[in-house]
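Peer 1: Sequence:
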Amino acid sequence: MSAGAKSPRRYWLFKSAADCYSIQDLAKETGKQTFWDGVRNYQARNMLRDDVQVGDRVFFYHSNCDPLAIVGICEVVRAGYPDHTAFDKSEQHYDPKSKPEDPTWMMVDIKLLQIFPEPVTRDQLKEIPELAKMVLLQRGSRLSIQPVTETEWKKVCQLAGVKEK
DNA sequence: GCCAACGTTGGC
DNA sequence: GCCAACGTTGGC
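To convert, note that position 142 of the first sequence is 143 in my numbering; the numbers rise steadily by one, no gaps.
Don't take each hint at face value.
Said to hold, decoys possible - No farther apart than 27 Å at their CA atoms in a straight line, the calculated lysine-lysine pairs in the BS3-like style are these:
{"id": "1", "residue 1": "K164", "residue 2": "K134"}
{"id": "2", "residue 1": "K156", "residue 2": "K127"}
{"id": "3", "residue 1": "K112", "residue 2": "K156"}
It is worth saying that the hints were derived from the structure and are not from the lab.
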């Protein structure tokens, strides 16, 4: 990380059920920053562990609400580390098979950069040919951590009417 | 609230 | 290691 060439910034989309944790909740956090806990899917875990890096950009997506939409942009401020909520029996996402000495689940820290002036809705996204291949829009896509291409990133920023961050 | 798609579990 | 049953996610 410290030595050698800086790897290029990557782009992601993090899903959150809006009634559970919304971008407005994130905006209220100290430093507008939080740890992204509760991911309990191996494919998503692998990305958090191996691919999501400090400086990467993240779209914040609201699922299970109206409207379904990308609502803002975050920055990764800490790369993958053990999700301690898996060790805690009182936590909703407690998982007895994950041990502090050998953690199964990982999380990252993100910081809010901006809330879009207007959310970019799922319906809008579906109308854009360049976005037809977005992981988010694929049938049956349930991943809560998804890669986003640079092209997709720029297009969504354009739709949101914001400068690419 | 429904249900399709998907991941996980567990019997064999 | 297969696969049926089950639970969950999440769009509609």
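Peer 1: Please go over all the hints and tell whether each is borne out by the structure.
Peer 2: A quick look at each hint next to the structure:
Taking the CA atoms of K164 and K134, the gap is about 23 Å. The hint holds against a cut of 27 Å. A C-alpha spacing of about 12 Å is found between K156 and K127, which places the hinted pair at or below 27 Å, so the restraint holds. The suggested pairing of K112 with K156 holds, with an alpha-carbon distance near 22 Å, which does not exceed 27 Å.
When held up to the earlier numbered hints, the structure conflicts with none and fits them all.
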